[in-house]
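In case you want the letters, here they are:
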Amino acid sequence: MKSTIRNVIGMTALLALFAATPVHAQGFSRSVAESTKHSAQAVGHSLAAGGKLVSGVAAVPLLVVGGMGQASMAAGQALWETADGPLPVTDENFTAGPNPGQAMKKEEI
Amino acid sequence: MNARKLVGWALTLLLLLTSPVHAVSTAGSSAGNTADTVPTFSAEQTISFAKKVEKTVAAKGARVFLISRVGRSPKELPEGIGYTHTGFGVYSLIEKPDGSKVPGYVMYNLYQRADKPNRSDLVQDYPVDFFTGVFQLKAGIVIPSPELQKRLLEVIASDTYRNLHNPRYSVIANPFNDKYQNCTEYVLDVLNAAIYQTGNMGQLKANAQAYFMPQKVKIGPIKLLLGSIMSEDVTLSDHDGPVVTATFETISKYLDDYHLVSEQFVISQ
Chain S
1 MKSTIRNVIG MTALLALFAA TPVHAQGFSR SVAESTKHSA QAVGHSLAAG
51 GKLVSGVAAV PLLVVGGMGQ ASMAAGQALW ETADGPLPVT DENFTAGPNP
101 GQAMKKEEI
Chain G
1001 MNARKLVGWA LTLLLLLTSP VHAVSTAGSS AGNTADTVPT FSAEQTISFA
1051 KKVEKTVAAK GARVFLISRV GRSPKELPEG IGYTHTGFGV YSLIEKPDGS
1101 KVPGYVMYNL YQRADKPNRS DLVQDYPVDF FTGVFQLKAG IVIPSPELQK
1151 RLLEVIASDT YRNLHNPRYS VIANPFNDKY QNCTEYVLDV LNAAIYQTGN
1201 MGQLKANAQA YFMPQKVKIG PIKLLLGSIM SEDVTLSDHD GPVVTATFET
1251 ISKYLDDYHL VSEQFVISQ
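These protein sequences, in sequence, are chains S and G.
In this text, residue positions in the first sequence follow this note's numbering: the first is 1, and each later residue adds one.
In this text, residue positions in the second sequence follow this note's numbering: the first is 1001, and each later residue adds one.
Hints were generated in silico from the structure; no laboratory data involved.
Check the hints yourself; a few may be wrong.
Facing chain G, from chain S, some residues (calculated, C-beta under 8 Å) [as the list claims (entries may be wrong)]:
| no. | residue |
| --- | --- |
| 1 | 55 |
| 2 | 85 |
| 3 | 86 |
| 4 | 88 |
| 5 | 90 |
Which chain G residues stay away from chain S? Per the calculated CB distances, all over 12 Å, these [what the hints assert, rightly or not]:
| no. | residue |
| --- | --- |
| 6 | 1043 |
| 7 | 1078 |
| 8 | 1082 |
| 9 | 1129 |
| 10 | 1138 |
| 11 | 1167 |
| 12 | 1203 |
| 13 | 1210 |
| 14 | 1216 |
| 15 | 1253 |
| 16 | 1258 |
| 17 | 1260 |
| 18 | 1261 |
Beta carbons: idealized from backbone N, C-alpha and C, even for Gly.
Extracted from the complex, chain S is given alone in its bound form:
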């Protein structure tokens, strides 16, 4: 009887811990999501959506110079002053690289 009770408590605690621990599940889903991203990167041919998946090195918002932020810009003034109308967008698809810590670990390998 005592061993039965002990077993039930132990099993329930284990099941509860597994079910209620988002970090564990998050790690699993993140690893699957990472594999999807890597799979996307491995696609070397042009896709119907338009182009390869490439790593974006850097990006600068295209926005208005002046105003509160004294923001820097690159060729955005003309774009902003276009009152309406569609904006050009590349057909290429980008993905962010690893974070600096991960990138450093890759370098060390």
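Go by the hints and put chain G onto chain S.
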């Protein structure tokens, strides 16, 4: 207490522990995706959808917009919450490895850390990254009014954008104080910084209390309490009364109520 009763109590406890944690962990504000979801889309499908989103908002001339995704099954989410992560899309000049530059959108996010879910970082990624591993290829979009877009871009390009970030993360953060912050509260803070042209958090919270209607988190108090005990990223300590949080839907309504929306819609696969 006999074994049968003990099993009954144990199963009840298990039921209480499993349902609220998954339901409460709704923000799904992690890079790549949320907890407990298995991506069901191929790389090609994700890339194609991401480009569809880009082209759609570009066709409407959006320089900056709000965007949300569905990281877990809607059946698992509390009533009134349909999206698990919200960020900004910003029209940008993207530099490629060969040094050439092309126009496209960059996503500005607040993400939980994978190894420490009660902490967050500001992370920029691209539409493909944003939709990798989602439960549904579906995006909620709000394009702010042109004037609000201008102000938003100014905030995003300034120190205010980083200064508004509070790395203490709670998935059900109270948007009316700055004890904790989730992705939607952060989006609200940035929006209000743009609207009121101030980075003063006290002022932003006062304005939010006056004008923003949050979502009441419709989960029983015992379940919420158990969730806060079992999950690092769930806390009740910033709530005094009913548990409320900001959501994509409540932010959309807030902007709409005050005539700050140019267009809002959903893009599906």
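Quick rundown of the hints versus the structure:
1. For residue 55 of chain S, the interface hint holds, the least distance from its beta-carbon to any beta-carbon of chain G being 6 Å, beneath 8 Å.
2. Of the supplied interface hints, the one on residue 85 of chain S holds, with its beta-carbon coming within about 6 Å of a beta-carbon of chain G, less than 8 Å.
3. For residue 86 of chain S, the shortest C-beta to C-beta distance to chain G is roughly 4 Å, which falls under 8 Å, so the interface hint holds.
4. Taking 8 Å as the C-beta cut-off, the interface hint given for residue 88 of chain S holds, the closest approach to chain G being about 5 Å.
5. For residue 90 of chain S, the interface hint holds, since its Cβ comes within 8 Å of a Cβ in chain G; the closest pair sits about 4 Å apart.
6. Non-interface status of residue 1043 of chain G relative to chain S is broken: a Cβ of that chain comes within 12 Å, the nearest being about 4 Å off.
7. With a least beta-carbon separation of about 15 Å from chain S, residue 1078 of chain G lies farther than 12 Å from that chain, consistent with its non-interface assignment.
8. The beta carbon of residue 1082 of chain G is kept farther than 12 Å from every beta carbon of chain S, the shortest such distance being approximately 19 Å.
9. Remark: the non-interface label on residue 1129 of chain G conflicts with the geometry, its nearest Cβ contact in chain S lying 5 Å away (cut-off 12 Å).
10. With a cut of 12 Å on Cβ distances, residue 1138 of chain G stays outside the contact zone with chain S, its closest approach being about 17 Å.
11. For residue 1167 of chain G, the requirement that its beta carbon stay farther than 12 Å from each beta carbon of chain S is met, with the minimum near 15 Å.
12. The non-interface label for residue 1203 of chain G is consistent with chain S: the shortest C-beta to C-beta separation is roughly 15 Å, beyond 12 Å.
13. Look at residue 1210 of chain G: its CB is around 22 Å from the nearest CB on chain S, clear of 12 Å, so calling it non-interface holds up.
14. For residue 1216 of chain G, the non-interface assignment is confirmed: its Cβ lies about 22 Å from the closest Cβ of chain S, beyond the 12 Å cut-off.
15. Separation of residue 1253 of chain G from chain S is adequate, the least Cβ-Cβ distance of about 25 Å exceeding the 12 Å criterion.
16. Every CB of chain S lies more than 12 Å from the CB of residue 1258 of chain G, the least distance being 20 Å, so the non-interface label holds.
17. No beta-carbon of chain S is positioned within 12 Å of the beta-carbon of residue 1260 of chain G; the least distance is around 17 Å.
18. Distance check on residue 1261 of chain G: its Cβ is at least 16 Å (rounded) from any Cβ of chain S, clearing the 12 Å threshold; non-interface status holds.
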